[in-house]
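Numbering-wise (numbering that gives the first Met the number 0), the first sequence opens with residue 0 and increments by one.
The set of hints was computed from the structure by calculation and includes no laboratory data. In this text, all values refer to a predicted model and were calculated from it rather than measured experimentally. Every residue gets a Cβ at the ideal spot worked out from N, C-alpha and C, and that includes glycine. Don't take each hint at face value.
Distance windows between CB atoms, simulated [what the hints assert, rightly or not]:
hint, residue 1, residue 2, range
1, Phe845, Asn398, 30 to 40 Å
2, Asp565, Asn398, 42 to 52 Å
3, Arg252, Asp364, 36 to 46 Å
4, Thr367, Arg150, 23 to 33 Å
5, Lys777, Ala569, 48 to 58 Å
6, Trp646, Phe845, 33 to 43 Å
7, Lys667, Glu834, 46 to 56 Å
8, Asp364, Lys859, 56 to 66 Å
9, Met0, Arg150, 55 to 65 Å
10, Glu446, Asp509, 31 to 41 Å
11, Thr216, Pro308, 19 to 29 Å
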Amino acid sequence: MLEKSYQPSDIEGKIYDIWEKDNAFASGQKLDADPYTIVIPPPNVTGSLHMGHALNNTLQDILIRFERMRGKDTLWQPGMDHAGIATQMLVERQLEAKNINRRDIGREKFIEHIWQWKEQSGGIIFNQLRRLGASCDWQRERFTMDDGCSRAVLKAFVQLHKEGLIYRDKRLVNWDPKLQTAISDLEVEPKEIKSHMWHFRYPIEGFEDKFLVVATTRPETILGDTAVAVNPDDERYKDLIGKYCILPIVGRRIKIVGDEYADPEQGTGAVKITPAHDFNDFEVGKRHNLEMINILTKTAHIIESDEIPKKYWGMERFTARKAMVDDIKSLGLLDKIEDHTHAQPYGDRSGVVIEPYLTDQWYVDAKTMAKPAIESVEQGRTKFVPENWSKTYYEWMRNIQPWCVSRQLWWGHQIPAWYGDDGTVFVELNENDAHAAAKLHYGKDVELRRDQDVLDTWFSSALWPFSTMGWPDNTNELVKHYQTDVIVTAFDIIFFWVARMMMDGLHFMDEVPFDTVYVHALVRDEHGAKMSKSKGNVINPLELVDKYGADALRFTLTSIAAPGRDIKLAASRVEGYRNFMTKIWNAARFCEMNECVIIDGYDPENNQQQLNRWIVSETVKCQNNINTALASYRFNDAASAVYKFVWGIFCDLYLELSKPLFFVEDDKAVAETRATTAWVFQNILRLMHPITPYITEELWHQMGYSKDIDNKNSNDISLLITSDWPQLPDNMIDNAAIHEIEWAIGFITAIRSVKSEMNIPVATKIPVILQEVSKKNKLWLDRNQITLCRLARIDNFNFDIAPPKGAIQIIYDDLTIAIPLADIIDLAMEKYRLEKAIKKSENTIFGLDKKLSNQGFLAKAPADVITENKQRLLDENTSCDKIKSALAKIIDAM
RNA sequence: GGGCCGGUAGCUCAGGCGGGAGAGCGCUGCAUUGACAUUGCAGAGGUCGGAGGUUCGAUCCCUCUCCGGCCCACCA
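Please put together the full structure from these sequences, using the hints given.
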């Protein structure tokens, strides 16, 4: 006997253990089956489960469970990302708490500490994913820094270098002075800040009192100015081109150059040029062959250099800014200061202001690699769902910049590059190969020094769809599971990850890494704000799991996963779906109490009862709806299809409508109804399993479906997770039964509605008089009489007798239903009710009339639409007339 | 500056092909001795942001506009 109510916490852990013990998640068990493959977006090793993960992994799990049941050889490849900067920062902070500085203990020891940390506390997110019910193939768990992935990274780097697609270059990078590393464009976050625009007067050489006024938001960079640019077409300054300014404070002679970059409309029209500290100025500098003077140390202090007055040496950048303004002011060269709001770049990890900084770094020629990646989306080889995200993808890919992949960190894949004394670089898979290459180059054995930098974490993530399957070896897994079917992700990592997997997948595997990119929304709080710790509006998915169960959370996330929008999550919604789980549990108890068990040899197509034929039809329709929804990644449609069917149709209608059948003395009907109920319920468990795996698996066993259904000849327990998805054919849909039962439901509703409206107590059993009963209605009345009587609380049916004066009259379909309760009916109220109905009906008639008297409509609308509207008008007129005559009778009785 | 998305019931949101406006929550009334109050039954509630256009017909397509959000670029 089932417990009185469903307690998720009692069963979820148990069920998950059963799945794992049974190896239910493992791929490669159905060798002949078609593959279905998803690689997980590898969470950071430092990560813990947030709502975004919960959504992302619920959707993947739904697809995997769906396809697993449909017989595919499913691989959901799990794994973690080493998360270079995040992890290094975390362990560094932990060591600092113990007064250990990473530079004191050195690189090797520090990395050892990180590995230790990973073993102890890394990857807690995987246990959290287990609680959510994720059916990843855990035996294949990978890590971007494990041996296999590391080998892939080396191979990829070396190959790209040999192909000229990775190169070393000295140019400006985004420099993070706190972390003291370069970062990519994507790791920079612009923030609006309130600052000032300082206007300075630069004296012009050869004139006593002539100045060129330049404006800047960064006065400290004056130390690195090597030119002033004006637009060659700017009448004000045209004549000055080729002349020189004397840089205030510094005293350096700097050239006035003509360059289109200077916009006459902006600022003063004259721009100071600091090639080593501004991306635009860098380009100007290259065009005019200007000197590039670096003024900053790696920690963003003023460098000690002969080019710079001693007084500024060692000053912190913002201190230097202030000093520079003060000093120029005291020279009388400060023209004015304006308030100015502008965006400043900040490091997304460190939170400090990023400096454009001139260094040697490794770059990937993203422009070249992007070409095939763009083309394959244009050709539809990879599809974005929703489609419009492809625009975002194109936008970025078509304007892609060289990707700086070197990082001045310790945690990560060290770059496989070795340098000779003269700086010649040898990029090889290992040190031996590098020495061999060096020997070839120098003609002798030489000392080599390995590049100290590591690669951007995303460099290894970009290889994920094939590095996890054994690449560069041509493994069976790789052959079978690449390309993968779908990547499921939020839009914020289309650039970071999806785009780069596309580039690398096409380059190394010569095939797109996934058929589909499914982009889901970001989860926000119930007011639409981003969840963040500082705002305190973070909802922890595990707390919801504790409180309502994993299935309720999963159902919630599924039901709000409409494509292409932000998702606002309110806990109340989870509560609602917890109630849904309870409902299913109770439906199971109903089945149990009424001995609804699976009957061997039961064939739903042989059902005699229309009600049973109807619920079978609805089951097929539900199955079809879910199939269609999941095939097009419309998760919310799948959720709503199953919700409406299970709660609205099966529980509220079928179980109620069928109850009376248990009381007839027709053993055959009872048996059929029991068998049908069990059959439907079993299919419900199958249909719901991808979304709500725990409760369905539990009930599958409790209801005894695990023993004799899939595996009749064995005593082995068969699990729902590995059972078959329903394959109910459309010819099981019986439209005649659907019409009849829907008519019966409408009949019941019509009577209940009137009783409620007329304040007739629900329990009052009423007699009804039916007039103008058509043959069809008579048949349906007869066949469903017991059910109708019970659910509409009808005492008895009387046909074709005149109803007494003052009876309530209901127009339903072709019928006029009279309820002769004149003594307890408030005639005025009934009059009002009928008048209201007439008004409503007349409104409808008016609308239809107008439409049907429109010549244009008759001439141009499709025939079926015209026919339909004509029929509606006819029906409405008939029913309106009937209500009117009913009203006449009431007035007569008053 | 370039691009994307949204505005539908009190709230949060669905509305594949243009043809009778939907759900959940909330609200109102009624119901409680056998699946379920984590419930059932019955209801109220909409100028589909605004204007114009296309069309026989527009929540849906087009243009403009107002409001909100996001992404990219922008450090004079």
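Could you say whether the range 48 to 58 Å given as a hint is met by the Cβ separation of Lys777 and Ala569?
With Cβ atoms ~50 Å apart, the hint holds.
Regarding Lys667 and Glu834, is the given constraint of 46 to 56 Å on their beta-carbon distance met?
Holds, since Lys667 and Glu834 (Cβ atoms, about 48 Å apart) stay within the stated range.
Using the beta carbons of Thr216 and Pro308, state whether their distance is inside 19 to 29 Å or not.
holds, 22 Å
Range hint compliance [Cβ, Met0 to Arg150, 55 to 65 Å]:
Hint holds: Cβ distance 56 Å, inside 55 to 65 Å.
CB of Arg252 to CB of Asp364, is that within 36 to 46 Å?
The hint (36 to 46 Å, Cβ to Cβ) holds, given that Arg252 and Asp364 are roughly 38 Å apart.
Lying within 42 to 52 Å: is that true of the beta-carbon distance Asp565 to Asn398?
The hint (42 to 52 Å, Cβ to Cβ) is violated, given that Asp565 and Asn398 are roughly 26 Å apart.
Given a hinted range of 56 to 66 Å, is it respected by the beta-carbon distance of Asp364 and Lys859?
Holds: the Cβ-Cβ distance is about 58 Å, inside 56 to 66 Å.
When you take the CB atoms of Thr367 and Arg150, is the distance between them in 23 to 33 Å?
holds, 25 Å
Given the range 31 to 41 Å, decide if the beta-carbon distance of Glu446 to Asp509 lies inside it.
With a Cβ separation near 39 Å, Glu446 and Asp509 satisfy 31 to 41 Å, so the hint holds.
Starting from the range 30 to 40 Å, see whether the pair Phe845 and Asn398 falls in it by beta-carbon distance.
Since the Cβ atoms of Phe845 and Asn398 sit about 57 Å apart, the hinted range of 30 to 40 Å is violated.
Do the beta carbons of Trp646 and Phe845 sit within 33 to 43 Å of each other?
Holds, since Trp646 and Phe845 (Cβ atoms, about 37 Å apart) stay within the stated range.
Of the numbered hints stated above, those contradicted by the structure are hints 1, 2, listed in ascending order.
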